[in-house]
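Enquirer: Here is how the chains run, residue by residue.
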Amino acid sequence: MSVASASYLARRAAQKERVRILYRRALKDTLNWAVHRHLFYPDADALREKFEANRSVDDIETIDRMIAAGEATHNKWRHPDPYIVPWAPGGSKFCRNPTPPEGVID
Amino acid sequence: MASVLRSSILRHTRVPISTTLTLNESKLIAVRSMSSYGDVHLDKQEVIGRVLDVVKSFPKVDPSKVTPDVHFQKDLGLDSLDNVEIVMALEDEFKLEIPDKEADKIDSCHLAVEYIDNHPMAG
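Same order as they appear, the protein sequences are chains A and B. Numbering-wise, the numbering used here puts 92 at position 92 of the first sequence, and it's gapless, one number per residue. So the mapping is simple: the numbering used here equals the position in the second sequence, first residue as 1, plus 1000.
Hints may contain errors.
Taking lysine to aspartate or glutamate pairs in the DMTMM-like style, the calculated list, with each CA pair at most 25 Å apart, reads [claimed, not checked]:
| id | chain 1 | residue 1 | chain 2 | residue 2 |
| --- | --- | --- | --- | --- |
| 1 | B | K1095 | A | D81 |
| 2 | B | K1101 | A | E102 |
| 3 | A | K16 | A | D64 |
| 4 | B | K1105 | B | D1043 |
| 5 | B | K1056 | A | D58 |
| 6 | B | K1044 | B | E1091 |
| 7 | A | K93 | A | D81 |
| 8 | A | K28 | B | D1082 |
| 9 | B | K1044 | B | D1092 |
| 10 | B | K1060 | A | E17 |
| 11 | B | K1074 | A | E52 |
| 12 | A | K93 | B | D1107 |
| 13 | B | K1060 | A | E52 |
| 14 | A | K28 | A | E17 |
| 15 | B | K1105 | A | D58 |
| 16 | A | K16 | B | D1082 |
| 17 | A | K28 | B | E1114 |
| 18 | A | K28 | B | D1092 |
| 19 | A | K93 | B | D1053 |
| 20 | A | K76 | B | D1100 |
| 21 | A | K50 | B | D1117 |
| 22 | A | K93 | B | E1097 |
| 23 | A | K28 | A | D81 |
| 24 | A | K16 | B | D1053 |
| 25 | B | K1060 | B | E1114 |
| 26 | A | K28 | B | D1043 |
| 27 | B | K1105 | A | E17 |
| 28 | A | K93 | B | D1082 |
| 29 | B | K1074 | B | D1053 |
| 30 | B | K1074 | B | D1107 |
| 31 | B | K1056 | A | E49 |
| 32 | B | K1101 | A | D81 |
| 33 | B | K1095 | B | E1046 |
| 34 | B | K1065 | B | D1104 |
| 35 | B | K1101 | A | E52 |
| 36 | B | K1056 | A | D45 |
| 37 | A | K16 | A | E52 |
| 38 | B | K1101 | B | D1117 |
These are calculated hints, taken from the structure and not from any lab test.
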């Protein structure tokens, strides 16, 4: 198996993107659970440590398994009422006052 | 005769139709500071200033190296996970919600400023 083949690199790049998106979602969930910042920062550091501990893993199958396990843990710990910015989909103001069509109001 | 007199008096006393309210030759734009519909846009210089402040206050970053053109991973020596943290801090600062795919692509100060500047709801 050639180490630098395009499919291998593409797979590694896809895995890296999954890891980044998983880290982002996990960090947002941490902020949802630990609302106060003085509680959030230690929790965020602990999350970062968990990601850093597996930084040097190289075997592609192991990485796949770890990402799947991480996503499963994340799904278990998802907040039931996450904070979403009001105007975004899922927020409280989404579609509340849509802009009227052209010509209705002067 | 009376109608001619009346019309001549009216011509002199008629108030001209007021033009739209102008202030210093520019239209008076109503500033709705509490509107949440994205009709008041941020100034680009202010966006740049706030983005740089957020990046400078990141603990792993050397503040003297931060310029509006800096790339997070190449110039500042940060990690991809640090990149994620910076994008989250920018979301907090500007009250935005950036979709995951877009957030992944924000890699440098320049891209961040461009994205925030073009976002209609940037606070």
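Enquirer: Decide if the proposed pair is consistent with the structure: K28 (chain A) and D1043 (chain B), CA atoms, cutoff 25 Å inclusive.
Expert: violated (28 Å)
Enquirer: Is the straight-line distance between the alpha-carbon of K16 (chain A) and that of D1082 (chain B) 25 Å or less?
Expert: holds (14 Å)
Enquirer: Below or equal to 25 Å on CA atoms is what counts here, so check K16 (chain A) against D1053 (chain B).
Expert: violated (28 Å)
Enquirer: Is K1060 (chain B) within 25 Å of E17 (chain A), Cα to Cα?
Expert: holds (22 Å)
Enquirer: Is the hinted pair K93 (chain A) and D1053 (chain B) satisfied, with a Cα-Cα distance of at most 25 Å?
Expert: violated (29 Å)
Enquirer: Taking 25 Å as the top limit, are the C-alpha atoms of K1095 (chain B) and E1046 (chain B) close enough?
Expert: It holds: about 15 Å lies between the C-alpha atoms, which stays within 25 Å.
Enquirer: Is the straight-line distance between the alpha-carbon of K1074 (chain B) and that of D1107 (chain B) 25 Å or less?
Expert: OK: K1074 (chain B) and D1107 (chain B) at ~9 Å, within 25 Å.
Enquirer: Hint check: K1095 (chain B) vs D81 (chain A), CA-CA at most 25 Å. Holds or violated?
Expert: holds (18 Å)
Enquirer: Would you check the hint for K1060 (chain B) and E52 (chain A), treating anything up to 25 Å between C-alpha atoms as holding?
Expert: Satisfied, since the Cα-Cα distance of roughly 15 Å is no more than 25 Å.
Enquirer: Hey, K1105 (chain B) versus D58 (chain A), does the alpha-carbon distance stay inside 25 Å?
Expert: The hint holds at about 24 Å.
Enquirer: K1101 (chain B) and D81 (chain A) were given as a pair; does the straight-line alpha-carbon distance stay at or below 25 Å?
Expert: Distance of about 22 Å is within 25 Å: holds.
Enquirer: So if I understand the rule, the pair passes when the alpha-carbon distance is 25 Å or less; does K1105 (chain B) with E17 (chain A) pass?
Expert: holds (10 Å)
In this structure, the earlier hints numbered 2, 5, 12, 19, 21, 24, 26, 28 are contradicted, and the remaining ones agree with it.
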